[in-house]
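Start from the sequences and build out the full structure, keeping to the hints where you can.
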Amino acid sequence: MTSTNLHMYVMMAPLLAAFAVNLLGRVSRAWIGPLSLGALTFSTIGALLTLLRVLHHGAYRYTVGNWQPPFGIELVIDPLSALMLLLVSGVALLATCSALKSVQNELPGREHLFFTLYMILVAGLLGLVLTGDAFNLYVLLEITSITTYGLIAMGSGRAALSSFNYIIMGSIGACFYLLGVGYLYILTGTLNMADIASILPGLNAPAAIATAFAFLLVGLWVKMALFPLHIWLPNAYSQAPTGAGVMIAPLMTKVTIYLMIRVMFSIFSPDYTFFAHAGVQAGIVWAASLAILCASGLALAQRNLRRMLTYILIAEVGYMVGGVWLANGTGMTGAMLHIVNDALMTLCLFLAAAAIIYRTGSLEFDRLHGLYRRMPLTMAAFTVGAFSMIGIPPTCGFFSKWYLLLGAVQAQHWEFVAALLASSLINAVLFFRLFELAYFKPAGEDVPSASQPCGDAPPLLLSPLVLTAVALLVVGLGTGPLIENVIRLALPPGFAP
Amino acid sequence: MKLLQERVKDRPAGENLIIRTAVRLMIPFIQLYGLYVIVHGHYSPGGGFQGGVVLGASFILLALAYDLRTSLRFMSERVNAVLGNVGVLIYTGTGLLCALLGGLFLDYSALDRILPLGPVEWRSLGIFVVEVGVGIAVMSIMTSLFWDLGSGGEMDEGL
Amino acid sequence: MTYQSSLLPLAAIGISLAAAVPIMLSGRKPNLREFWTLLAAVGKFVLVAAMLPSVLAGHGFVLTLAEVVPGVPIQLRVDAMGMYFALVASFLWICTSVYSIGYMRKLKEHDQTRYFAAFALAIAATIGVAFSANLLTLYLFYEMLSLATYPLVTHERNAEARFSGRKYLIYILGTSIGLVLPAMLITYALTGTLDFTVGGILAGQASPATLALLLVLFLLGFAKAAIMPMHGWLPAAMVAPTPVSSFLHGVAVVKVGVFSILRVIFFIFGPALLRELDYGTIITTLTSITILVASLIALTQDNLKRRLAYSTIGQLSYMVLGAGMLTAAGMTGGLLHIAMHAFGKITLFFCAGAIYVASHKKYISEMDGLGRRMPVTYGAFLLGALSIIGIPPLGGFISKWNLLLGAVEADQWVLLLVLLTSSLLNAAYFLPIVYRGFFAGPRDTGAGEVIQEAPLLCLIPLTLTALASVGLFFFPGVFLELVHAALFR
Amino acid sequence: MIWQLDLLILALVVVCAVAAINTRDLLGAVVIFGVYSFLMCLLWAEMGAVDVAFTEATVGAGISSVLFIAAIFRTTRRSKD
Amino acid sequence: MKAFAFLATLATGVALLYGTKDFAAWGDAASPASSHVSPVYIERAVEQTHVPNLVTAILGDYRGYDTMFETVVIYCAGLAVVCVLRRQKS
Amino acid sequence: MEQLLAEIVAKYNYWIYVVLMMIGFYAMIGKRNLVKKLLGMNIFQTAIILFYVSIGVKRGGSIPIVDKHAALSHGIDATQVINPLPHVLMLTAIVVSVSITGVALAILIRIYRQYGTLEEDEILEKIGR
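Protein chains in written order, with my numbering: chain A, 2 to 498; chain B, 45 to 203; chain C, 32 to 520; chain D, 377 to 457; chain E, 110 to 199; chain F, 22 to 150.
Straight-line Cα separation of at most 30 Å, DSBU-like style, residue types lysine-lysine; simulated pairs:
no.: 1; chain 1: D; residue 1: K456; chain 2: F; residue 2: K147
no.: 2; chain 1: E; residue 1: K130; chain 2: F; residue 2: K32
no.: 3; chain 1: C; residue 1: K198; chain 2: C; residue 2: K139
no.: 4; chain 1: E; residue 1: K111; chain 2: F; residue 2: K147
no.: 5; chain 1: D; residue 1: K456; chain 2: E; residue 2: K111
no.: 6; chain 1: C; residue 1: K393; chain 2: C; residue 2: K198
Source of the hints: derived by calculation from the structure; they are not laboratory data. Keep in mind the model is a prediction, meaning the values are calculated, not measured.
Structure (structure tokens):
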């Protein structure tokens, strides 16, 4: 095992574990837990080592199959991708603990299938983070999509229909992306991102490049559910099996936003992205502001915890897209930081939702009464997550919001400032409404108390939740070093925060 | 006589001796062709994927002409699932082996350390190995896809 | 003032934060739980007091907790102004703890564990605000205080408490996220720092219009200072148990608001800048209106705690008004009023609580003749009221005298008029209570109902604070010294 | 490369695509789609993409159609548009 | 809905056609797509891999990473179908 | 005008691909029958494949399978062989396409089991009920 291949092992461990789970899991259920947790622990440690290595020795490139780029497929391991690697594997590890328990509960007898897809999804996300090849990105995007379709469709109720809608929208997104790649290929003759980036400035083909740019971005926007293109997300994420939602919700949109950053800066240059088309940059910030407001408003109308969280998720997508498109270093720093923070916050909230659903069987608002008394630790962690979403220091949500706001102030995009503040306030309303429900109404008014199991969720559900809540605080207080050591290096040149 | 009548009755509509016989005769050739496509992918159009599809098609044909149970007799569900895993594992395993042997991931020339045939030969061989893996996986998955879609997941009767 | 790195400020904050854990764990053993509370209270006071000599000698303490934003770490710093506030708050916490124990036990309140835990968190946040080295850190503790007090406000868990809780949050969180946060961001974007610097950081960094906007955002944004129109939460929050009202809504929370505003005025804008732009007028206008209107409303309130609440709103504006005068005496008076009002008002609230504990009466109109049965309580009430009205020989006189001086110094006769009128109004809404207590004939009190003094654990603190009010008139030394150090050194 | 043939196939492909999405009988639509795939595969073969054509012939016209038909047999042939 | 779909389709189509404006002529051997990376494949693939079918050579080796995931995609599809359709055995 | 005509003729493949793409896209978002949506998706994807294959074409080029010995002994003129890279990409795309179709069909079967219909509006009606 040489350290050159470390990131490959990080990515391959979940993939191989997936096959092992499929083969051994059908023999005995007992294999599933150790295999998946073991693989993900390995990945997390590996990702950590990769990150340290990148921080010490600088970014490096890796060519699969030892073919010189642009002939082979190139992987890029720079600070941002190493950070994402750690984030994805870490979040997946925590989510898996919870999923093991809730899947056992919801999908008895099909755990090995679930976890095979699940681990492949993790591998796909890890692969996405690493890749430096435009077409390889498409393939991996499809891997993550197809596993997600399957995982979501395993849910009950309207899951099948939601999954089908997701397939249609997801395919449109992927096809648009593929079209964009095609346009770039026809112009440059290569698929390697860095190579494309070096060729593009010398080309005289404004129409085709603009088209390619537009299609790549729209494709990714569909995948990440930016506001008007979000319609598939709330149903899909809230109908999915709990175990799947816990992992998909924090990671999918975040990784797609990371990909958008990749496309914007690794394929195109910041100059092209922001300044080549007058008004586009400002227009997108406006659109993101609108997205934040609308999604937050829609969240107010929800009466189910998980649906509410999905709308918040959509609003958060607006945060990050807007932040990147503010076109200054601070905004970008905020967006990148928010990728990390939002993944953790969403994970925390979805883990809490999973624990609640495990105990009470429902997430409708009128079933949440008296939860503070029944599940104090779960609710404490949930509260921390909610504070982070609202943006209360010293949870990490505050600091990324701080950078986003600061970027908006510097770029004089007051509409974005207003949207962010309004959405924070709406989040406060949303969560305090929940706290009130869970705090004031005594349990067992409408349900016989005998059927109400008391006490916190089992340790397998609770420990990742508490860990995530602690991580929210730790990451919040570690914002400075995180930005200084990692994110600052990931910004495109000329964009100091 | 009565026995014969019952037999005719039992037989689901649309089944036909000619088709069955023809299919029975064709299947070995189809499978042989599938294998050829996989193996000969280096020199002619085709490769693991196409060959795998052709191989899978042979089982589908069997399930179409007879019924699902018959095709399940030729290739049980369990074996099929294992084959699917094995196919993908061959590919990923090859890639990983290259990395473990000190080369880069999927760099087949690193396999030279097992048996010195020369890097270029190993590349050719590596491509062959992974194509076989793809073929096995695709065959298995295509068959399973049809089984499941054709029976609505019940795995009892086909179309 | 020189600063040396030290863990003391963190310890002073952390002791009650840490105490929350054993408090929660020992929920089933009330004695043990309250032992922890008292231990933390005394420990905190000792820690704060331990830093006092050094601060008086001009040597502060500093501790950087985390680097979060370039130029703006999460940093604790003990300077004279912070020391002054922390000293008041941590001393009064001891009194309140004792009082709480008596009050809660007598009333057999539910959820006492959560109550004491939240209280500990709240005081930690208060001291955190006092020791913040920059606006970001201050904001952090400010929010922490808002959230820690929410369970206290909604302690009763009935519809009214829930409604008040909502109102409280909407005002406090709404303003801090909606107004302070953008103001802070703009400040940071303009100057690149949020550090509390003597003389301010904003001078010459922005246009007068921007500065005016910032000032208004800060003034209204720190809604805990209850400057109208952001005062609505304070009367609503009076549904909380009386110790909460007395300590948090009489002292800690509201003064945190005032303290934050003063920090901004002195160390972000800087008196010189405000004087140059003549923006003191903005502050004085807003606060004058608040003082008069709040006093008038207080006159009409029959619920004792609500009357005290409106009185508090008026008195808080005194402090900001003093700072807004931008003269030496005015600023001294404003700052000093924090302590003087704290001792007076906490006495009044303690008395209100004692009356409730003893007689379950909330409305002033029901309290006729109570004073004769509860002479100690009513005596203390009188002292507290006199102090707040500003009559010598009580502490309130010193600060009010300085405020009046400041108004004269600033040549603001209108302000002088405002101060004098409001003092009259203060007397008008406080003295009748005492009068009714001692001289109004008792309406037919049933023979079976014998009203006695509240339990000893309630009486001791309120006597102590009342006497302290008197003592402060004669020995304001430490506080005066700290205020002078904060303002002029 | 014979451009007349090319154009003819392209025209047919478009016709088939339109027909496939407008046929109300789903089975018919799928069969037309099979034809469409086959024509596509011809087109590609003629463009020199033999491997793609081979794949499309086995997958698009073969497996895909069979899967569609299997699913339609399990569900319904009816379509309103 | 139909009108919206039609408009969206039209807009996409127009955008794509607008983009083709800058393309090199169809079938041009000197177009960038055919002159940057692919000639190297054509000229060196046989020498480097001993596989005369260039598509197989690229598929299996140069872009083998893609193909690996392609196999995983189809594996996932098979698995997903089983997940979705099979009812749990009681 | 003539130039425009020449332009159109020179790029007719692209035109056709755009038309196919539009047909498929329209079916995906405009049609209410779920199977039709799926057919649209397949048409969309074949359109993209057509586009990619068109990229690789070289006038007068031969198929990308070369003579091994000729290649090893005296090299190959790259302009005479069709660009194989788009073909490789499209093989992958076809596989992805069929995979997604398979999953989608399985989900369709489940939807049909659940609601007894494959028309979007009827399903929505049933859900609303």
